[in-house]
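One letter stands for each residue in the lines below.
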Amino acid sequence: MSAPQRVANATTTKPSTIRVCVFLLALCWLVAAAQLPYSLQGTGILIVLALVALDVVLGVMTGWLAFQPTSQLDERQAALRDRAYRIGFRLVGAGVLLLFALYVIGSILSAIVLGPQSQSPSDGFNPRTVVAILELLAIAPTVVIAWLLRSDSEPANGPATRWIPLMAVPIVALAWIVAVLVAPVETTVLTTVPDNSFTMSAAKCGHFGVVKRVASGFGGAIRLEAEVCWNGQQAFTYGDPSLPRPSSLPAEEFAMAFPGLTSCAPLPTDSDFGNVVEHCTGQIDADGTLHVGLRGRVSPLPGDFGARDVQLRLIVTRDGKVVAFD
Amino acid sequence: MTTRSLRPSRPLITIERVVAALIVLLIGFGLLAWFEIFDAGLIYVLFVLVTAFVVRSVEVEPGAWLGLRAVRRGLVLVIALITLDFLTIRAMDFNQVDIALLFLLILADVALGRATRRIASADEDRIDERQEALRNRAHRIAYAILAISVGLVLLIAEVATPGLRRWLAESLGGGGVVSFIQLLFFSPAMVIAWLEPDRIADEDGSRMHRNFRARIAYGMVTFAVVLPVLMSLLLAVAPSRVSAFTRPEPDFATSNGTAHCSYFDARTQAGIGFGATTRIAAVACWDGRSAFEEWGLNSSDCYPYRSEFVSTTTIECRRTMGSDGSLHFTYRTDVRSAILPFVSREVVMTLNLTKDGKVVQFP
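For the protein sequence lines, the chains are A and B, in the order given. Counting in this note's numbering, the final residue of the first sequence is number 1077, and the numbers go up one at a time with none missing. Counting in this note's numbering, the final residue of the second sequence is number 523, and the numbers go up one at a time with none missing.
Be careful, since some hints might not be right.
Restraint ranges, calculated between C-beta atoms of paired labels, are given here [what the hints assert, rightly or not]: (1) A:L932 - B:F189: 38 to 44 Å; (2) A:F851 - B:F254: 43 to 49 Å; (3) B:P357 - A:P916: 38 to 44 Å; (4) B:L267 - A:I915: 48 to 54 Å; (5) A:K1072 - B:G323: 24 to 30 Å.
Simulated from the structure, these hints should not be mistaken for lab results. Note that beta-carbon positions come from the ideal geometry of N, C-alpha and C, so glycine has one too.
Sequences and hints are given; from them, build the entire structure.
So this is what it looks like as structure tokens:
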């Protein structure tokens, strides 16, 4: 009897191993989809590998019914598969709405607990969310079939070759390691000069944002957001008291931190797939030119193996001319 | 071995109910966020949701035209083209044509529901076996379209280049979200409309029953369509409403002596319901030799405080110092209906303050 036939002839109502797999899959998906914990602290790839492994297990146990062409199914199997797709479609809708609800809740909690974050408009989805959406689209019908499958219809001693797709787990792990070790660092720069959303008396301002991603963010990322102003005498940053303050303006104006304006720290999600450390230095030279330097290290693998050192610099003259931003 | 029915009794927790609960939860979040600025836009959105709920409760038949496969396929193509077009629209590019397209898309979706008798989302006890088989097959095809289009676009955009990633982020902040909602909630109905053969005359009986609920439902649809037009016309007709107050602020020492300060707050509301509120919120000071701005009178402060279904353009945002030491600030903006672009209104707000702290004009 083929696996699809076993599915179609399912009978009892006893809780089954396959439903345990569905629960585990849902749990892993929730970890990827939720904004809590704020950061997976470099363990994101383990979630991905667990999801791939559970996908394969469910696929094998359902005989890959969701992916079988109609010509290889009898009428009853095809009906079950099509019904699973209908329910799966609703499941995707529910999953997307849940993702959005979790995002809203996570953003509110994040703003309360961590304070304002400087999220660049060029950020798009974070890698965790990408994983959650792709997983949802790839496996929803199979999950429905697995849920409908009952314990006595589970395959007992099928050929060992049917587990060959589990090789996908080491293949994905290998592809990820190669990507984080070899793929070039991707740089996204966003400058807004002048920045009409922020002004200071007797000064002009611009916003400078840069994100450097390893393996498209699936290996970690470092970032700098800087609100830079210049008044003809000096160029300076506003919003980060750890960076140098201009001598030409009252120091008390620069006492408070505004991470939404200037921030030299990764977002919590930047370290989902790799540990990230970054440090900024700043200087206003005698000509009034601002020099900001950032040094960061992204370590996707344990023990700093394959760690990538990333640097960038921002140099702005007292007249607002950008000398370097790379 | 007993055989398990493919149509079991309806359990307490279903995907439909979970989706409904999540939608209610998200609307609840929206209400919480909007509570502070409880406005006409929120009331209109709630009315549209209630209308959609009432319309869905009325049974429909496709009628002669929508019973034809060619007409239904034409409808599907129109919806598909509008859906694709929305993918290219960023939030900042949203204009009158796009709003018209959005209304057209909503009307096309209503027609699509009628053409397919809403079997894509009907309860299982309201459809026969043939219809269930058809809608299950349609969901399988729609799922493939959704998974491939959304999954591939997401994967390629996130991995390929920063430019594509940015396009995706901007698209989903604008028209892309409309395309996604269309795919997520209406693509099975589109597939059903595409697949179903021509309906044989009299096969489905008469047209829609003109019962009381149907009349109410279609009355609400008409009202939902006409209301934005009426409220847009009010922008040109209704008088602006102005509210303002001032409040003393702490003095401070300057090289010229002591500076006295006041907080100035004024709001001008143009239109009723669909309109805009422009605002001046600033602190200005004077010390006997001149009046000057402390904060709130810069170019970054000239933006609409609130706008609903209108576009606003700042015509003038200027702060000047008179030769007599007085402070002049003018904020002039054009408020134009997003639905009827030929309807507009100019709003001017002014703060004129002498060096002695006398308010000559506000707002």
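Against the structure, the hints come out as follows:
1. A beta carbon spacing of about 42 Å between L932 (chain A) and F189 (chain B) agrees with the range 38 to 44 Å that was offered as a hint.
2. Between F851 (chain A) and F254 (chain B) the CB atoms are about 21 Å apart, so this pair departs from the stated range of 43 to 49 Å.
3. At roughly 40 Å, the beta carbons of P357 (chain B) and P916 (chain A) sit within the given window of 38 to 44 Å.
4. A C-beta distance of roughly 52 Å is found between L267 (chain B) and I915 (chain A), which places it inside the suggested range of 48 to 54 Å.
5. In this structure the supplied range 24 to 30 Å holds for K1072 (chain A) paired with G323 (chain B), their Cβ-Cβ distance being about 26 Å.
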